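Those sequence lines, one after another, are chains L and X.
So in the UniProt record's numbering, spot 354 of the first sequence is number 354, and the numbers just go up one at a time.
So in the UniProt record's numbering, spot 355 of the second sequence is number 355, and the numbers just go up one at a time.
It is worth saying that the hints were derived from the structure and are not from the lab.
No experiment lies behind these values; they were computed from the predicted model shown.
Any copy, or any two copies together, can satisfy a pair, since identical chains are not distinguished.
Capping the alpha-carbon separation at 30 Å, the derived lysine-lysine pairs in DSSO-like fashion look like this:
1. Lys51 <-> Lys320
2. Lys342 <-> Lys43
3. Lys320 <-> Lys19
4. Lys43 <-> Lys323
5. Lys92 <-> Lys122
6. Lys43 <-> Lys2
7. Lys57 <-> Lys251
8. Lys20 <-> Lys51
9. Lys205 <-> Lys43
10. Lys320 <-> Lys228
Next come the chains, spelled out residue by residue.
2 protein chains.
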Amino acid sequence: MKKHNFSAGPCILPQEVLKKAANAVTNFNGIDLSLIEISHRSKEFVEVMEKARSLVKELLNLPEGYSVLFLQGGASLEFLMTPYNLLKVNGKAGYFDTGTWSSKAIKEAKTLGEVDVFASSKDKGYNYIPKNYNIPSDIDYVHCTSNNTIFGTQIKEFPKTDALLVCDMSSDIFSRELDFTQFDLVYAGAQKNMGPAGTTLVIVKDEILGKTGRSIPSMLDYQVHLSKDSMFNTPPVFAVYVSMLTLEWLKEQGGVKAIEKINQEKAALLYAEVDRNPLFIGFANKEDRSTMNVTFNLTNETHKDTFDKLWNEAGINGLKGHKSVGGYRASIYNAMPIESIKVLINVMQQFEKQVS
Amino acid sequence: MKKHNFSAGPCILPQEVLKKAANAVTNFNGIDLSLIEISHRSKEFVEVMEKARSLVKELLNLPEGYSVLFLQGGASLEFLMTPYNLLKVNGKAGYFDTGTWSSKAIKEAKTLGEVDVFASSKDKGYNYIPKNYNIPSDIDYVHCTSNNTIFGTQIKEFPKTDALLVCDMSSDIFSRELDFTQFDLVYAGAQKNMGPAGTTLVIVKDEILGKTGRSIPSMLDYQVHLSKDSMFNTPPVFAVYVSMLTLEWLKEQGGVKAIEKINQEKAALLYAEVDRNPLFIGFANKEDRSTMNVTFNLTNETHKDTFDKLWNEAGINGLKGHKSVGGYRASIYNAMPIESIKVLINVMQQFEKQVS
Numbered sequence: 001m002k003k004h005n006f007s008a009g010p011c012i013l014p015q016e017v018l019k020k021a022a023n024a025v026t027n028f029n030g031i032d033l034s035l036i037e038i039s040h041r042s043k044e045f046v047e048v049m050e051k052a053r054s055l056v057k058e059l060l061n062l063p064e065g066y067s068v069l070f071l072q073g074g075a076s077l078e079f080l081m082t083p084y085n086l087l088k089v090n091g092k093a094g095y096f097d098t099g100t101w102s103s104k105a106i107k108e109a110k111t112l113g114e115v116d117v118f119a120s121s122k123d124k125g126y127n128y129i130p131k132n133y134n135i136p137s138d139i140d141y142v143h144c145t146s147n148n149t150i151f152g153t154q155i156k157e158f159p160k161t162d163a164l165l166v167c168d169m170s171s172d173i174f175s176r177e178l179d180f181t182q183f184d185l186v187y188a189g190a191q192k193n194m195g196p197a198g199t200t201l202v203i204v205k206d207e208i209l210g211k212t213g214r215s216i217p218s219m220l221d222y223q224v225h226l227s228k229d230s231m232f233n234t235p236p237v238f239a240v241y242v243s244m245l246t247l248e249w250l251k252e253q254g255g256v257k258a259i260e261k262i263n264q265e266k267a268a269l270l271y272a273e274v275d276r277n278p279l280f281i282g283f284a285n286k287e288d289r290s291t292m293n294v295t296f297n298l299t300n301e302t303h304k305d306t307f308d309k310l311w312n313e314a315g316i317n318g319l320k321g322h323k324s325v326g327g328y329r330a331s332i333y334n335a336m337p338i339e340s341i342k343v344l345i346n347v348m349q350q351f352e353k354q355v356s
Numbered sequence: 001m002k003k004h005n006f007s008a009g010p011c012i013l014p015q016e017v018l019k020k021a022a023n024a025v026t027n028f029n030g031i032d033l034s035l036i037e038i039s040h041r042s043k044e045f046v047e048v049m050e051k052a053r054s055l056v057k058e059l060l061n062l063p064e065g066y067s068v069l070f071l072q073g074g075a076s077l078e079f080l081m082t083p084y085n086l087l088k089v090n091g092k093a094g095y096f097d098t099g100t101w102s103s104k105a106i107k108e109a110k111t112l113g114e115v116d117v118f119a120s121s122k123d124k125g126y127n128y129i130p131k132n133y134n135i136p137s138d139i140d141y142v143h144c145t146s147n148n149t150i151f152g153t154q155i156k157e158f159p160k161t162d163a164l165l166v167c168d169m170s171s172d173i174f175s176r177e178l179d180f181t182q183f184d185l186v187y188a189g190a191q192k193n194m195g196p197a198g199t200t201l202v203i204v205k206d207e208i209l210g211k212t213g214r215s216i217p218s219m220l221d222y223q224v225h226l227s228k229d230s231m232f233n234t235p236p237v238f239a240v241y242v243s244m245l246t247l248e249w250l251k252e253q254g255g256v257k258a259i260e261k262i263n264q265e266k267a268a269l270l271y272a273e274v275d276r277n278p279l280f281i282g283f284a285n286k287e288d289r290s291t292m293n294v295t296f297n298l299t300n301e302t303h304k305d306t307f308d309k310l311w312n313e314a315g316i317n318g319l320k321g322h323k324s325v326g327g328y329r330a331s332i333y334n335a336m337p338i339e340s341i342k343v344l345i346n347v348m349q350q351f352e353k354q355v356s
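Bound conformation, chain L alone (with noise of 0.2 Å):
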C-alpha cells in the first residue's frame, strides 16, 4: 500500500522524481557509471548544476542581478551566514520573530553583532503573524521567516522596509507567486517543495555582497561561492540532482502559478474540515493559515487512541505534531496530491462518526 505522507520535512516528493533518482543511482543518463561515483566537475554534473539554477531563476521568474547557489548546512548555517555577509562592522540587524525558526536565526546572529527583535508572536505560542509593528531604521537588515512549519503560520505580507529584506523560505519556497524584487536574499534546506535534505537553495542579489567591512571565511562568504559557481567544494551531488528533477517535475505541472492553485485548493478543503468538525481545533491564527502545514487539535484529548489508530490504519504517515505545539500537522507540500488529504478528511469524518 503506497503511504499517504504528511511528513514536515524530509516529506514527500513526487514519484516520478524518486523513480528517476533510483535509477540515476545505478545508471546516470546512460553512461554506464552512478551519479554519485562520477566527478562533481564532469560535463555531465556540471550540466545538472547548471540547469537546476536555471530552474530557479525561471520558476521564480527572478529578475536581472540576482544568483542562485546551492549550497550545504540547511537554513541552519545561513543564520551564521546572512550576519557574515550582511551585518556591517557595528551595524545592527532587525529579526521578525514568528518561531523557533525565526529565533534560532536571531541566536546565531547576535554571535556578530546587534540584533533587533522589532516583533514576535511569540506571546501567544507564536500562532500567528505580527502586524503594525515599526521597523527601525538604523539596520543593515530586516530578517524574516516566511512560513513556520511548525505553528502553521505564513506571511502573507512581507515587511516593508529600505534596508535589504533576508527571507528564509525554506517551507514554502515554490508554493506561491511571489514578487522577489523585494527581496535581497532568499535562502530555503531543500527538504520540503524542492529536493532530498542535503542542499540549500540560495537566492542573492549580487548587489548587495561584500559591503560589510567583515572578513568572512571563504566556506561562510556568498561571493566566494558565487565565483565558484557553488562548486568552490564538492557539492552534495544527488541532493542538487534531485532538486533539479523536483524542479523539472513542478515546471512540468505548469509551474509556481499552477502548483500555487492546487496548494490553495487542497488548503482549502482541509481547513473547512478542522474548522467543521467540532472534534478538532486549528492552531493558528485563521488569516494567518499556512497553506503547506495545517496544524490542529485534538478538542477533546480522550479520544486521542481513537484518532491516532484510525490515520495509522489509513496509510497516513507523519501527521504527529511537533512537540513544541503538540497535536497534529498535517503538511501539504507540492507534491501531495489531493487525493491523500481527501483520504486524512475522510479519516477525521469516520472519527467524528466513531466517537459521537
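We have chain L already, so just place chain X on it with the hints.
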C-alpha cells in the same frame, strides 16, 4: 560496458551499495516510503544514523572517549571548524603543509588566529612529505593532511606532538590501519572511501572540546552537534545512508586490515608498471607514494593523444591528472577492483608497444 572508474572523488563505490541505495530511494526497508521522504527523526532513519556511527567506531577500532559525527560542508567547512573549536583566543596553531588542501586549511585558520606552518613541501611542488621538521611547543594543535589526492603523496609517519593532533583524512580514511589514539580530531569528506558527496565524518576526542575561551556559532560547534547526535539540524539523509551501506560492505570484506592488504597489492602493481614502463614517470617521491592516488606523467608529451585514445577506448574513466599537476592520476580507492587496475596496466603496455 561497465566503466573502470579511476575518478578522484566523488569516486567509485561498491556495485552492491549502489543497488541497495537505488532500492532505498524507491522503497526503504519495505516501509512503502522512500528513504528521502521520511523524517530524519523517524525510528527508521535514527537507526541508520546510529548504525553508521557504530560502524565507524568498530571499523577504526576507536578507543573509549571518542565520538563520531556526520555533518555537512565537507573538509572545507572543517578547515574553519577546527580553529573555531581548538584554537585558543590569542593561541597559535601549527600546520603541516603537504599540498592544496593543507594550504586551504591554513588559510581558514588564519582568519581566526596565529598560524605557524612548521613544515612544507611547497618548494618541490608538493611531490614529497617533509621529514625532520621541528614542531613548535607553544601551539594549541598540529594540523596535517594524511593523503594528498592531487599530488599522490601520503603521510606514513604522523607528526609527534604534545599539542592536540588534527588530521584531514578525506582521501584515505578506512584504507589502512592506524592507531587512532594519536589523533584528537579527525575529519573526512565522505566522497572517497566512505560514500557519496554530501556528508562529512568527524571523529573527536570528547575531552578536548570547550577549552578555547572562544564563542562558537552553533553550526560550527562540535559540542552542539554532539549534544544532538548529529541531528542539530536536518542531516543529509541519503549521504549518511549510503555511507552506512559502504561501511557495512567494508566490514563484509574483512574490515580495514583486509582492505589495507588489497590496497597495498593494487598500488604495488600499478607503481611497478609506472616504474618499469619507460613511457611513464611517477610524480611523487617513492617513499611518500599514496596507496590511494597514483600520479604519473608521460616521459614524452608528444604521445599524449595516443595514450588518451587507448584508455578511453578501454572504458577507463577519470584518469586525467589535476590541473595543478597535469599528467595522469589513477585513484584506486577501496571499492576499485584489482581487475580495473589490470586493465589500466594492460593499456599502458599496449601504449608502449604502439609507440616504440
